[in-house]
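K.L.:
Each chain, letter by letter, is given below.
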Amino acid sequence: AQKITQTQPGMFVQEKEAVTLDCTYDTSDQSYGLFWYKQPSSGEMIFLIYQGSYDEQNATEGRYSLNFQKARKSANLVISASQLGDSAMYFCAMREGWAAGNKLTFGGGTRVLVKP
Amino acid sequence: ETGVTQTPRHLVMGMTNKKSLKCEQHLGHNAMYWYKQSAKKPLELMFVYNFKEQTENNSVPSRFSPECPNSSHLFLHLHTLQPEDSALYLCASSQGTTDSIYGYTFGSGTRLTVV
Chain A
1 AQKITQTQPG
11 MFVQEKEAVT
21 LDCTYDTSDQ
31 SYGLFWYKQP
41 SSGEMIFLIY
51 QGSYDEQNAT
61 EGRYSLNFQK
71 ARKSANLVIS
81 ASQLGDSAMY
91 FCAMREGWAA
101 GNKLTFGGGT
111 RVLVKP
Chain B
117 ETGVTQTPRH
127 LVMGMTNKKS
137 LKCEQHLGHN
147 AMYWYKQSAK
157 KPLELMFVYN
167 FKEQTENNSV
177 PSRFSPECPN
187 SSHLFLHLHT
197 LQPEDSALYL
207 CASSQGTTDS
217 IYGYTFGSGT
227 RLTVV
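Protein chains in written order, with this note's numbering: chain A, 1 to 116; chain B, 117 to 231.
Here chain B stands alone, though its shape is the one from the complex (with noise of 0.2 Å):
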């Protein structure tokens, strides 16, 4: 148990389909992340919320929608997906974003697959 829980553990859907990841830390950390890592490239950082506010979206298709009702929670809301888009996907969270100390706690991630 790493502190971050991420569900589902593994989702197959398909490209008309609308899902959702889900995760979760009580860490009391107030940042959260998601990232993408597909095979043979590096983590891909996607949205960043510090305090329940979106402070970062890396250039992100609008297929995939973020949601952070609390800093507690995080969502990735799909909808319309390619199979391209078919990947690991990570959360994680931090103490913060404004500190170079801290590293960030990952969860186990949701692996994607777009048919």
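Just chain A, same shape as in the assembly (with noise of 0.2 Å):
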């Protein structure tokens, strides 16, 4: 079974506007990392955000915030007004803890083109 689902492959985002990207995980782990990575053409990962399993308040970074919903065992990414630099990969993933390994797992990222 897939520890990290996005299923959402590809959107397009109007400049300026919100958008959510999906992500779901599974683990049985009770201590856990959430990350949200963007990946631009140049192929550089690039951190955006964390979130813990036990943070009882939504992380946020700038125009970045990851609505947790642990009980559903979702982490969606919303990105407020949209930039034409927004414009890449976005990957969702999961640090479980040591008895699973401590390994970064990623989903299989969706796709967002900003439209000017």
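Bear in mind the hints are in silico, worked out from the structure with no lab data behind them.
It is possible that some hints are incorrect.
[Said to hold, decoys possible] The list that follows gives simulated cross-link-like pairs (lysine to aspartate or glutamate, DMTMM-like), each with its CA atoms no further than 25 Å apart:
hint : chain 1 : residue 1 : chain 2 : residue 2
1    : A       : Lys103    : B       : Glu160
2    : B       : Lys135    : B       : Glu183
3    : A       : Lys103    : B       : Glu140
4    : B       : Lys157    : A       : Glu17
5    : B       : Lys135    : A       : Glu44
6    : A       : Lys103    : B       : Glu169
7    : B       : Lys168    : B       : Glu200
8    : B       : Lys152    : A       : Glu61
9    : B       : Lys156    : A       : Asp26
10   : A       : Lys70     : B       : Glu183
11   : B       : Lys157    : A       : Asp26
12   : B       : Lys157    : A       : Glu44
13   : A       : Lys115    : A       : Glu56
14   : B       : Lys157    : A       : Asp86
15   : A       : Lys73     : B       : Glu160
16   : A       : Lys115    : A       : Asp26
17   : B       : Lys152    : A       : Asp22
18   : B       : Lys152    : A       : Glu44
19   : A       : Lys70     : A       : Glu56
20   : A       : Lys103    : B       : Glu183
21   : B       : Lys152    : A       : Asp26
22   : B       : Lys156    : A       : Asp22
23   : B       : Lys168    : A       : Glu44
24   : A       : Lys103    : B       : Asp201
25   : A       : Lys3      : B       : Glu172
26   : B       : Lys134    : B       : Glu200
27   : B       : Lys138    : A       : Glu44
28   : B       : Lys156    : A       : Asp86
29   : A       : Lys73     : A       : Glu15
30   : A       : Lys3      : B       : Glu140
31   : B       : Lys134    : B       : Asp201
32   : B       : Lys156    : A       : Glu44
Got two chains here, each in a separate frame; can you build the complex from them with the hints?
P.N.:
See the structure below:
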């Protein structure tokens, strides 16, 4: 079974609008971390935002916020006021505890294209 | 500049060639990783090194041979590759392998084409 599922292979969004990227995860660990990365066409994976499993508040970093719904095992990324430079692949990832090997496991990604 | 530097950025090699990918980080991290990113596939973890010791080999074919001489440098030696090995190879580092709060810092990758 996939540990991280991103159901949207691609999305268009109008410049200055908000966009929500879906991510669901599967783990039996109580302690885990959820991450979002951005990958522009240059290939580099850029860290955007982190949410710990014990964090009660949703994480925010500038225009990025993470809608964390623990009971539903979802960690959706919201990008507000989209910019042309936001066009990229976006990956959701999870890092489980030591019992699961502490590896960072990635979803299949969502390609976002921001239209002017 | 991400703090993790990978060279070369692009590499084209024949199936009988031997080449090496290099990764370097000066972030003080003690864990380093190799990932493979193929078209239309999720990122695949290949190898994990913690304090220079290999702690994971994710069933990677022996034509890929990693080397970690110290905590700051990681190599991936390539020989007799196949066309299906063409992919983006990403190196990453992290502060440790025992705490889930730490994400990874990635390099820009080496785009490998096997002809």
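K.L.:
Now look at each hint and say whether the structure bears it out.
P.N.:
Evaluation of the provided hints:
1. Taking the CA atoms of Lys103/A and Glu160/B, the gap is about 11 Å. The hint holds against a cut of 25 Å.
2. At roughly 13 Å between alpha-carbon atoms, Lys135/B and Glu183/B fall within 25 Å of each other, so this suggested pair holds.
3. Taking the CA atoms of Lys103/A and Glu140/B, the gap is near 20 Å; set against the 25 Å cutoff, the hint holds.
4. Of the supplied pair hints, the one linking Lys157/B and Glu17/A is violated, its CA atoms being roughly 29 Å apart against a limit of 25 Å.
5. Restraint check for Lys135/B and Glu44/A: satisfied, since their Cα atoms lie roughly 22 Å apart, inside the 25 Å limit.
6. Taken as a hint, the Lys103/A and Glu169/B pair is honoured in the structure, with Cα atoms around 16 Å apart against an allowance of 25 Å.
7. For the hint pairing Lys168/B with Glu200/B, the CA-to-CA distance comes to about 29 Å; that exceeds 25 Å, so the pair is violated.
8. Among the hinted pairs, Lys152/B with Glu61/A is inconsistent with the structure: their alpha-carbon atoms are about 28 Å apart, more than 25 Å.
9. As the CA atoms of Lys156/B and Asp26/A are separated by approximately 21 Å, the hinted pair is consistent with the 25 Å bound.
10. For a cut-off of 25 Å, the pair hint linking Lys70/A to Glu183/B is broken: about 39 Å separates their Cα positions.
11. A threshold of 25 Å between alpha carbons decides the hint, and for Lys157/B with Asp26/A the separation of about 19 Å falls inside it, so the pair holds.
12. Restraint check for Lys157/B and Glu44/A: the C-alpha separation of about 16 Å stays at or below 25 Å, so the hint holds.
13. Between Lys115/A and Glu56/A the alpha-carbon distance is near 34 Å, which puts this suggested pair outside the 25 Å criterion.
14. Our distance criterion of 25 Å between C-alpha atoms is met by Lys157/B and Asp86/A, whose separation comes to about 22 Å.
15. A C-alpha spacing of about 22 Å is found between Lys73/A and Glu160/B, which places the hinted pair at or below 25 Å, so the restraint holds.
16. Of the pairs offered as hints, the one joining Lys115/A and Asp26/A is violated, with about 33 Å between alpha carbons and a cut-off of 25 Å exceeded.
17. For a cut-off of 25 Å, the pair hint linking Lys152/B to Asp22/A stands: about 23 Å separates their Cα positions.
18. Annotation: proposed proximity of Lys152/B to Glu44/A holds, straight-line Cα distance about 13 Å (limit 25 Å).
19. Between Lys70/A and Glu56/A, the direct Cα distance comes to roughly 10 Å. Compliance with the 25 Å bound is thereby established for this hinted pair.
20. Pair hint Lys103/A plus Glu183/B holds up; C-alpha atoms about 19 Å apart against a cutoff of 25 Å.
21. Our distance criterion of 25 Å between C-alpha atoms is met by Lys152/B and Asp26/A, whose separation comes to about 22 Å.
22. Under the criterion of a C-alpha separation no larger than 25 Å, the hint pairing Lys156/B with Asp22/A is consistent with the structure, at around 18 Å.
23. Taking the CA atoms of Lys168/B and Glu44/A, the gap is about 24 Å. The hint holds against a cut of 25 Å.
24. Between the alpha carbons of Lys103/A and Asp201/B the distance comes to roughly 22 Å, so the proposed pair stays at or under 25 Å and holds.
25. Simply put, Lys3/A and Glu172/B have alpha-carbon atoms about 19 Å apart, close enough for the 25 Å limit, and the pair holds.
26. Proposed proximity of Lys134/B and Glu200/B is supported: the alpha carbons are some 16 Å apart, at most 25 Å.
27. Between Lys138/B and Glu44/A, the direct Cα distance comes to roughly 15 Å. Compliance with the 25 Å bound is thereby established for this hinted pair.
28. Simply put, Lys156/B and Asp86/A have alpha-carbon atoms about 20 Å apart, close enough for the 25 Å limit, and the pair holds.
29. As the CA atoms of Lys73/A and Glu15/A are separated by approximately 29 Å, the hinted pair breaks the 25 Å bound.
30. For a cut-off of 25 Å, the pair hint linking Lys3/A to Glu140/B is broken: about 29 Å separates their Cα positions.
31. Distance hint between Lys134/B and Asp201/B is fulfilled; the C-alpha atoms sit about 14 Å from each other, no more than 25 Å.
32. About 17 Å separates the Cα atoms of Lys156/B and Glu44/A, which keeps this hinted pair within 25 Å; it holds.
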